[in-house]
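Novice: Residue strings, one per chain:
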Amino acid sequence: MTEHASRLLDVAGLTIGVRTGGEQRILVDGVDLHLDLGETIGIVGESGSGKSLSVRSLLQLLPAGFTATGAAQLSGVNVLTASERDMRRVRGRQASMILQDPFTMLNPLMRVGRHLEEVLREKPEYRAMSKPERRAEVQRRLEEVGITDPGVARRYPFQLSGGMRQRVGIAATLATDPALIIADEPTTALDAVTQQEILELLISIQRQRRMSMIMITHDLRVAFAACDRVYVMYAGAMMEAGPSDELSRSPRHPYTLGLLASEPPLDRRLARLPVIQGELPSVRDQQVGCRFAERCEWATPDCTQERVRLAPIGDDRSSACLRVDEIGRELAARFETVEHGAVEAAHQDLSAPVIVALEGVSKTYGHGNGAVAALEDVSLTIRQGQAVALVGESGSGKTTLGRCLVGLESVSRGTAEVFGIDITRGAKLPRSDVRTWRSKVQYVFQDPYSSLNPRMTIGQTLAEAGRQAALVGDAPVLSVEEVLERVGLRAQYAARRPSALSGGERQRVAIGRALALNPELLICDEPVSALDVSVQAQVLNLLNDIRRETGIALLFITHDLAVVRQVADTVYVLEKGRVVETGSAQVLDSPSSGYTKQLLEAVPRTSSDWLGKRSQMGKA
Amino acid sequence: MTLRSTLRYVLGRLGGAAILLVVYSFGIYSLLALAPGDPVRLLLGNLPATPETMDAIRVRYNLDDPFFVQYWNWLTDALHLDLGQSVLTGQDVSSAILERAGVTVQLGLLTFLITMALGIPLGMVAGLRRGRFADRVVSQLAMFSVSAPSFAVGILLIIVFAGQLNWLPSIGAGEGGADRLRHLILPAVALSTATIALVVRYTRTAVIEVAGQDYIIAARARGVKPSRLLFNYVLRNSLVPVITAAGVVLSFVMVGAVVVEATFALPGLGSLLVSAVQQKDLPIVQGVTLVIAAAVFLINLVTDLAYLAVDPRIAVDGASR
Amino acid sequence: MSIETTAGAETPALRTFRAARRRRRRLPSVAVLLSIAYLACIVVAGVFGPLLVPHANVQSLTDSLQGMSSQHWLGTDDLGRDIFERVVLGARTALYGPLLIALGAFVIGCVLGLTAGYIGGIPGGIIMRWVDLMYALPGVLVAIVAIGVLGGGYWVAVAVIMILSAPYDTRLVRAVTIEQKGRPYVEAARTLGLSRSRVMFRHLLPNVLPLAVSQAFLSFAFALINLSALSFLGLGSTPGSPDWGTMLAESQASLLDNPLLAIGPALAIIFAAVSVNILGDYVFDRLSTKEGRND
Ligand SMILES: Nc1ncnc2c1ncn2[C@@H]1O[C@H](COP(=O)(O)OP(=O)(O)O)[C@@H](O)[C@H]1O
Ligand code: SF4
Ligand SMILES: [Mg+2]
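Residue numbers (my numbering), protein chains in the order written: chain B, 13 to 632; chain X, 2 to 322; chain G, 12 to 306.
Simulated from the structure, these hints should not be mistaken for laboratory data.
The C-beta atom is built at its ideal place from N, Cα and C for all residues, glycine as well.
Treat the hints loosely; a few may be bogus.
From the derived model, a few chain G residues whose C-beta atoms are all more than 10 Å from chain X [to be verified]: (1) Ala-48; (2) Asp-89; (3) Leu-161; (4) Glu-190; (5) Arg-201; (6) Gln-263; (7) Val-285; (8) Asn-288; (9) Ser-299.
Each computed DSS-like pair below joins lysine-lysine, with the alpha-carbon atoms no more than 25 Å apart [what the hints assert, rightly or not]: (10) X/Lys-281 to B/Lys-135; (11) X/Lys-226 to B/Lys-143; (12) B/Lys-588 to B/Lys-609.
Computed spacing ranges between beta-carbons, pair by pair [to be verified]: (13) B/Arg-166 to G/Ile-189: 47 to 55 Å; (14) B/Ser-596 to X/Ile-20: 57 to 65 Å; (15) X/Leu-35 to B/Gly-77: 40 to 48 Å.
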């Protein structure tokens with residue numbers, strides 16, 4: 013495994029900095045990495061940890077103003093210092109890259125086929141071909157990525173779905189037959205089912221062509237399932253590296269442990285999700301020593317004294333934790349308890365009064381030819397204090413349903429009662445009813461970055477909500493400090509503006525704003541999907557705590573079944589606007605609808621058989 | 002899919018332009034009624050105001066009919082290119098317009114060519130070399146010239162190039178060919194200072210926007226040749242917003258010509274309009290305004306249609322917009 | 012020529028990082044300082060002009076058409092009046108009209124734009140048809156014709172140009188409003204049950220302001236250019252009055268013999284328009300980065 017004859021890429025001490033306003037900032041600090049021919053490695057880390065910058069530097073594709081130092085040998089070329097001319101021979105032929113967002117990765121003004129042709133033309137054997145042969149060659153390469161419809165080559169990217177575009181992107185990337193393919197979060201923007209398909213495709217192609225691959229992802233499970241070895245990055249530095257199966261069974265760095273632990277399990281409901289305290293440091297706070305120290309429970313003053321680099325700890329594994337030897341056993345023990353954490357059964361009171369009753373609700377956007385049915389014949393009940401999850405892929409109508417319940421959209425057909433108010437009457441409702449409706453049902457939005465008014469301080473935002481609560485009357489109005497405390501923020505936050513808060517903090521404020529009205533139903537639309545895993549768990553715990561304390565009912569909208577398991581008593585599965593399955597949280601154990609089964613199957617699992625089956629088929 | 006929606010899109014745009022033109026022509030016609038004084042006297046011009054001549058005017062312009070009927074008659078006449086006669090010279094308005102249109106069109110085209118030939122490359126360079134020396138120079142110049150009024154620039158140009166240096170003629174349109182071109186250079190330069198800056202800004206923004214896109218990074222990563230990258234990726238994609246700029250420039254030029262022609266005493270539509278306005282020669286004012294407005298509408302229409310040719314997304318999305 | 016790629020992945024950290032970078036870079040440049048200084052002069056001259064140069068309009072045929080001297084910085088015109096002093100007086104029409112136009116268009120634009128963007132419906136439809144109509148019109152042309160035919164001087168011109176500028180503000184404010192109103196912070200305000208006007212003026216307006224304010228600077232520059240163009244064509248200020256456009260028009264007859272008559276007013280107009288634009292750009296940069304952005 014370590015013969016250097018088979019070494020394709022060797023990176024040592026890769027450091028990336030950017031010069032701004034006269035000062036140098038280090039964004040990636042001393043990354044070591046290696047990759048053998050035919051091997052697949054994963055680089056895992058939360059957003060901003062420097063994964064993308066690291067791999068882009070290998071192709072000299074850093075944005076203007078960025079510099080990369082250190083050593084990086086790719087097939088014998090030092091790609092950090094090579095001239096632009098030499099790099100032209102590296103890009104495409106030696107290594108090529110697939111990017112995250114399929115919607116922006118293709119030239120919008122160029123037909124699909126041209127994307128392949130323009131690079132194929134660099135090959136002598138392609139230039140020697142006749143026209144029909146060339147066309148057949150393009151077609152063959154599209155078939156390799158699973159596109160059998162010959163019409164696709166003549167389409168424009170905007171005429172294809174996200175999954176199709178990503179396939180085209182892969183085909184274009186492969187057209188140069190590179191030795192190494194770098195996939196930077198290739199499936200993050202895709203639905204779970206499509207994600208699984210694309211990952212399977214990538215792996216089967218990698219095996220067939222005996223290529224090497226670097227897979228970047230923020231999802232440890234994906235990395236473990238898809239890669240031979242995995243590197244874990246945090247805040248610009250490598251934390252730990254090792255073979256997938258070992259790393260997933262015995263993390264040797266507190267951060268890896270934390271990441272593994274805060275990933276909510278799919279198969280059981282934990283009384284409390286383990287969390288990594290705090291949040292990602294911002295680029296501005298630079299420090300010597302272990303970058304994880306301020307969030308690490310094993311940190312000692314020594315940890316911030318010396319320089320930390322990935323160091324071998326035997327068995328092809330390495331860790332950057334200075335105390336790995338001392339705390340190794342403790343880490344293992346903690347991992348055990350996490351794996352067998354206290355389980356809680358879903359419980360609900362089915363005799364509680366019904367607060368939301370939908371019967372045969374439909375919602376159509378637009379009219380005439382352009383009409384789209386977002387919801388069709390949906391019936392749903394929420395009882396007092398119940399936690400209901402609404403699950404489905406993007407576009408299945410989850411958000412529409414939630415928005416109808418707070419009056420951000422109107423119901424097209426059917427009956428809908430919320431706290432006894434007939435919300436289908438919309439604008440015709442008497443003022444008092446609208447007030448009651450607003451105060452009893454509140455909403456938390458997905459994107460914490462735009463859900464707070466950037467021009468108001470946190471205090472102003474919360475105070476405004478408080479005044480609104482006072483208008484409605486009955487319950488005591490919470491002060492700004494009380495709200496902040498309830499969502500786990502210090503009182504000083506009142507004076508800050510949203511731009512000074514991290515994603516997790518903003519989401520807490522958004523939850524607080526909703527709670528300030530003392531609602532009886534809180535609708536949470538993907539409240540954690542824009543957050544990093546380590547912060548996700550904190551917010552989920554917060555929501556569960558609030559429920560326990562206030563007995564508020566929850567409508568939880570999500571695409572993530574593992575999250576559903578952690579919060580929901582009752583589950584509704586939506587497919588293309590229709591409810592295809594409903595029941596208590598046990599439907600996750602024994603689903604009856606094929607669609608639910610498909611969704612469950614698509615949830616990333618650590619074991620490699622998650623991607624196994626279909627990639628075998630790809631070999632045919 | 003595309004043909005039908007394209008057709009629908011084109012027809013929709015045509016219809017929109019037609020409606021606008023009708024509304025606008027109504028406004029132009031109403032000027033006659035809104036103008037202070039008796040329309041009959043306005044239309045008399047320097048004819049003697051005898052009962053006979055006044056009756057003749059009434060009949061000629063249907064002034065006894067209800068207002069909408071008058072308008073309708075005027076509009077149908079206008080559609081037959083009969084825009085009435087100048088009240089001062091008695092010349093047919095349409096022939097006066099034809100006589101003067103040549104200079105204006107030539108001035109417009111010259112300005113447009115200068116603008117595009119300089120604006121697009123400079124914008125590209127500034128965008129591609131963002132933040133570097135070339136960009137700073139170009140951007141500062143653009144910032145300066147975008148707001149420089151053409152008549153003030155024109156007067157300075159006359160002082161420098163016609164007066165001090167004596168290189169080019171200061172006023173008039175010259176006679177045909179090379180002489181005409183010599184006479185049009187300074188006006189075209191005066192008119193294009195602002196438009197060049199406009200095009201530079203549009204192009205620069207577009208290039209910067211496009212150069213930062215993922216598809217450029219992806220194409221570089223898979224080894225697409227630099228020349229292809231520049232032409233088929235960056236330039237082609239930045240061209241789309243530049244079309245808007247081209248349309249804006251053309252309409253700006255049509256209107257800006259009015260002031261510049263007055264500055265350089267060019268016998269074009271603009272100076273015809275200005276003198277007609279000063280002398281209250283309403284039929285000429287109405288005629289010229291209608292022609293310039295129609296030209297502007299046409300330009301807007303052509304710009305919209307140009308998108309169809311460049312951007313495949315419009316053919317589909319545009320129809321459902 | 013190599014192509015530089017700019018954007019990387021848009022991580023939250025990156026956003027704050029960029030914002031910080033933008034902020035630091037925006038210290039006023041020399042150009043901005045010069046613009047401010049020049050505009051300050053115009054304001055002073057516009058407000059106190061007659062006090063500063065009480066003899067500007069005194070004719071003295073013995074002094075006609077003199078060259079530059081320490082007594083007459085820019086020489087004198089054919090009636091022997093000091094040209095520089097008249098340029099100083101001209102600041103008044105260059106200031107008041109455009110200011111009124113910019114403010115008027117700004118207010119109309121904000122009210123109509125917010126209404127059309129946030130409330131929409133029938134009022135929004137009417138507003139937008141009006142805007143479309145005005146947009147398709149060649150504005151200067153309309154001003155020339157309207158003022159030429161209807162008569163009236165400077166202040167009618169100001170009114171007409173204000174009406175012609177307002178659609179630009181309206182359209183801009185509406186576009187930003189529509190873009191902002193889909194954002195969760197506005198929807199959250201609605202779910203809280205806040206009144207329409209509170210959502211519009213407390214939540215949307217502050218976020219629309221940076222663009223609207225920079226548009227107001229643009230309106231000012233365009234108003235300045237168009238008003239002086241009208242005066243230049245003899246349609247704005249009354250002939251003979253100290254207005255930069257009028258002065259330019261009156262210089263035309265003997266331009267090649269007496270270029271001094273034109274240079275002062277021409278440069279005064281150009282610098283004024285340019286300064287306003289530079290300042291507008293700067294103000295926009297400041298407003299849009301100051302704390303107030305999520306991204
Ligand atoms: N274009 C850029 N300008 C400034 N900072 C950047 C840029 N791209 C990335 N960074 C910074 O570099 C760090 C690493 O970013 P990145 O490699 O994109 O992380 P990842 O891919 O792991 O999410 C982040 O802190 C980010 O703020
Ligand atoms: S080095 Fe210290 S702070 Fe860093 S992970 Fe190890 S124990 Fe924690
Ligand atoms: Mg990334």
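Novice: Run the structure past the numbered hints and jot down the numbers of the failing ones, going up.
Specialist: 3, 6, 7, 8, 10, 13 and 15
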